[in-house]
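All chains should be built: construct the whole structure from the sequences, respecting the hints.
Residues per chain are reported as follows:
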Amino acid sequence: MSTLSRDEVAKLAGLARIEMTEDELVELSSQFGMILDAVARVQEVNLEGVKATSHPQPIENIARPDVVLPSLTPAEALSGAPAQEEQRFRVPQILGEE
Amino acid sequence: MIFKTATEMADALSKKEVSSVELTQSHLDRIAAVDGDVKAFLHVDKEGALAQAAAVDADRAAGKNVSPLAGVPLALKDVLAQKGVPTTAGSKILQGWKPPYDSTVVSKLKNAGIVILGKTNMDEFAMGSSTENSGYGPTFNPWDLTRTPGGSSGGSSAAVAAFEAPLAIGSDTGGSIRQPAALTGIVGVRPTYGAVSRYGLIAYSSSLDQAGPFARTVLDTAMLHEVIAGHDAKDATSINAAVPSVVAAAKSGDVKGMKIGVIKQLQGEGYQKGVQTRFTESLELLASLGAEIVEVDCPSFEYALAAYYLIAPSECSSNLARFDAMRYGLRTGDEGGASAEAVMAATRDAGFGREVKRRIILGTYALSSGYYDAYYGSAQKIRTLIIQDYAKAFAAADVLVSPTAPTTAYKIGEKVDDPMAMYLGDVATIPVNLAGICGMSLPAGLADEDNLPVGFQIMAPAMQDQRLYQAGAALEAALISKWGGALITKAPALKGGAN
Chain A
1 MSTLSRDEVA
11 KLAGLARIEM
21 TEDELVELSS
31 QFGMILDAVA
41 RVQEVNLEGV
51 KATSHPQPIE
61 NIARPDVVLP
71 SLTPAEALSG
81 APAQEEQRFR
91 VPQILGEE
Chain B
1001 MIFKTATEMA
1011 DALSKKEVSS
1021 VELTQSHLDR
1031 IAAVDGDVKA
1041 FLHVDKEGAL
1051 AQAAAVDADR
1061 AAGKNVSPLA
1071 GVPLALKDVL
1081 AQKGVPTTAG
1091 SKILQGWKPP
1101 YDSTVVSKLK
1111 NAGIVILGKT
1121 NMDEFAMGSS
1131 TENSGYGPTF
1141 NPWDLTRTPG
1151 GSSGGSSAAV
1161 AAFEAPLAIG
1171 SDTGGSIRQP
1181 AALTGIVGVR
1191 PTYGAVSRYG
1201 LIAYSSSLDQ
1211 AGPFARTVLD
1221 TAMLHEVIAG
1231 HDAKDATSIN
1241 AAVPSVVAAA
1251 KSGDVKGMKI
1261 GVIKQLQGEG
1271 YQKGVQTRFT
1281 ESLELLASLG
1291 AEIVEVDCPS
1301 FEYALAAYYL
1311 IAPSECSSNL
1321 ARFDAMRYGL
1331 RTGDEGGASA
1341 EAVMAATRDA
1351 GFGREVKRRI
1361 ILGTYALSSG
1371 YYDAYYGSAQ
1381 KIRTLIIQDY
1391 AKAFAAADVL
1401 VSPTAPTTAY
1411 KIGEKVDDPM
1421 AMYLGDVATI
1431 PVNLAGICGM
1441 SLPAGLADED
1451 NLPVGFQIMA
1461 PAMQDQRLYQ
1471 AGAALEAALI
1481 SKWGGALITK
1491 APALKGGAN
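Chains A and B, in that order, are what the protein sequence lines are. Residue numbers for the first sequence follow the working numbering, beginning at 1 and rising by one. Residue numbers for the second sequence follow the working numbering, beginning at 1001 and rising by one.
What the hints contain is simulated information worked out from the structure, not anything from laboratory work. Since the structure is predicted, the reported quantities are computational estimates derived from the model, not experimental observations. For each residue, glycine too, the CB sits at the ideal point set by N, CA and C.
As a list, the in silico DSSO-like pairs of lysine-lysine whose alpha-carbon atoms are at most 27 Å apart:
(1) K1234(B) / K1110(B)
(2) K11(A) / K1092(B)
(3) K51(A) / K1264(B)
(4) K51(A) / K1392(B)
(5) K1004(B) / K1064(B)
(6) K1273(B) / K1259(B)
(7) K1064(B) / K1016(B)
(8) K1273(B) / K1415(B)
(9) K1259(B) / K1482(B)
Partial pick of chain A residues on the chain B-facing surface, computed with a CB cut under 8 Å:
(10) E19
(11) M34
(12) A38
(13) L47
(14) A52
(15) I59
(16) A77
(17) S79
Beta-carbon label-pair distances, calculated as ranges:
(18) G1370(B) / E48(A): 17 to 25 Å
(19) A1242(B) / E8(A): 44 to 52 Å
(20) P74(A) / Y1371(B): 41 to 49 Å
Laid out in structure tokens, this is it:
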């Protein structure tokens, strides 16, 4: 049976930018072994020489003519902003003090 | 009037026997009477709906040409952006968000004069099979209010089954239209991937997501399908081809000489007895109508569930990175000079529910260096094998069939703490999503042991959606004549409104 420790879950949560409570980390860690065992079944199949499918339709990159089309106004784009200032999204501090 | 089909309502509107404002008000009254118990809606847009209805009535009075479903009301899954109307995808992280734009599906509905009554409940970001993962509490199955209506589009299926709307839109990433349709005794179609634009559909798993129609009859479903399908330059994965003639197919409903393939792997062990019985009876009916029944072998389907629960979480871990507390949605912990990263992490903890976190973490794991090839890479190869299985099966049959879900509707709370048990409910619907083809669920009767609806699934190759409707209409007509009326008329009356 696969396992994923509380610390491994905490590391993944950090990578995913989710600050989990201790209870959540423990709960996820306890469920993960079963889920990993179930999904690991993909490794039971001989996949040698099989191509990967990332997408169901055989389409190439789609480009459009480089012309300006109507888009959201600044007010519309900012309408859901948690905070704004001078027609911009105001975000928390992104650099340290020094 | 609310107990009629959408087609009958459209007919009455065109003959001016009823106005769209009256029809819309009747549905709003029904919602007021029964939705306290069903809880299908997260938001009812009474003013918006009545204004839309009045506009359609004015167009009709002025003698303008209106589209066939103009003035008929609809319930919209809360995963689709509607300008100025709260859109949450069932998540607390989007509570109160009002999109500044319409999704393409909504634009098409509005252009067709279809009246949008409100936004329906769903599993958070469409991750779930019971609506219990909604950040706003579950929806209840109108057939039995102690049970789930399925999910993730359970609000939409319950609204249609409870006669709160004749039509609804859902989205189907692993079965989220077909399974709730099955569990509530209505019709639901997941169109071919790329047939309906994903612009403005809040992304869960981009290579699997597809919006589609719900209704109480095959023909109504086809009418709505034709409204929302079609190429859209705003979605790079949208198929640039003519929309299949699904309405014509639903009206023909002829299966004489049609080859119907029963998928060996999608029946038997794990399927409830009453589900299997109704499925077999439906097959016999189709055979009696002149269809040829063959069995097909799809050995890779055994691994579809495992592949899905790697691919979908991987894509979701990437897609949901956009909920970063910076541009829209929830922001918490923004005090005392907290860093952007700390605010982001606190917000995502507060805003996401358990299942969403579980899938993001699983996806982060499956995509991480050292595990990528073994998990995500293998899952993508299984996907190729499933596509090959379908190609072989469709060489032997025009459509493929199976039960939609292995069981009827289960009790609220029964599987919520057991994610693997919940995932197993998607075993018959997931292969369609992985292959990007189309599928329908329609009612096949009630299971003997619990008197709850059973769904019959039909699958067809990409952009052959009309075959679903052709076979579906034939089976529906035969079943209705056998039962002496549509299955939905057998649903128990809800408190506050006689059926």
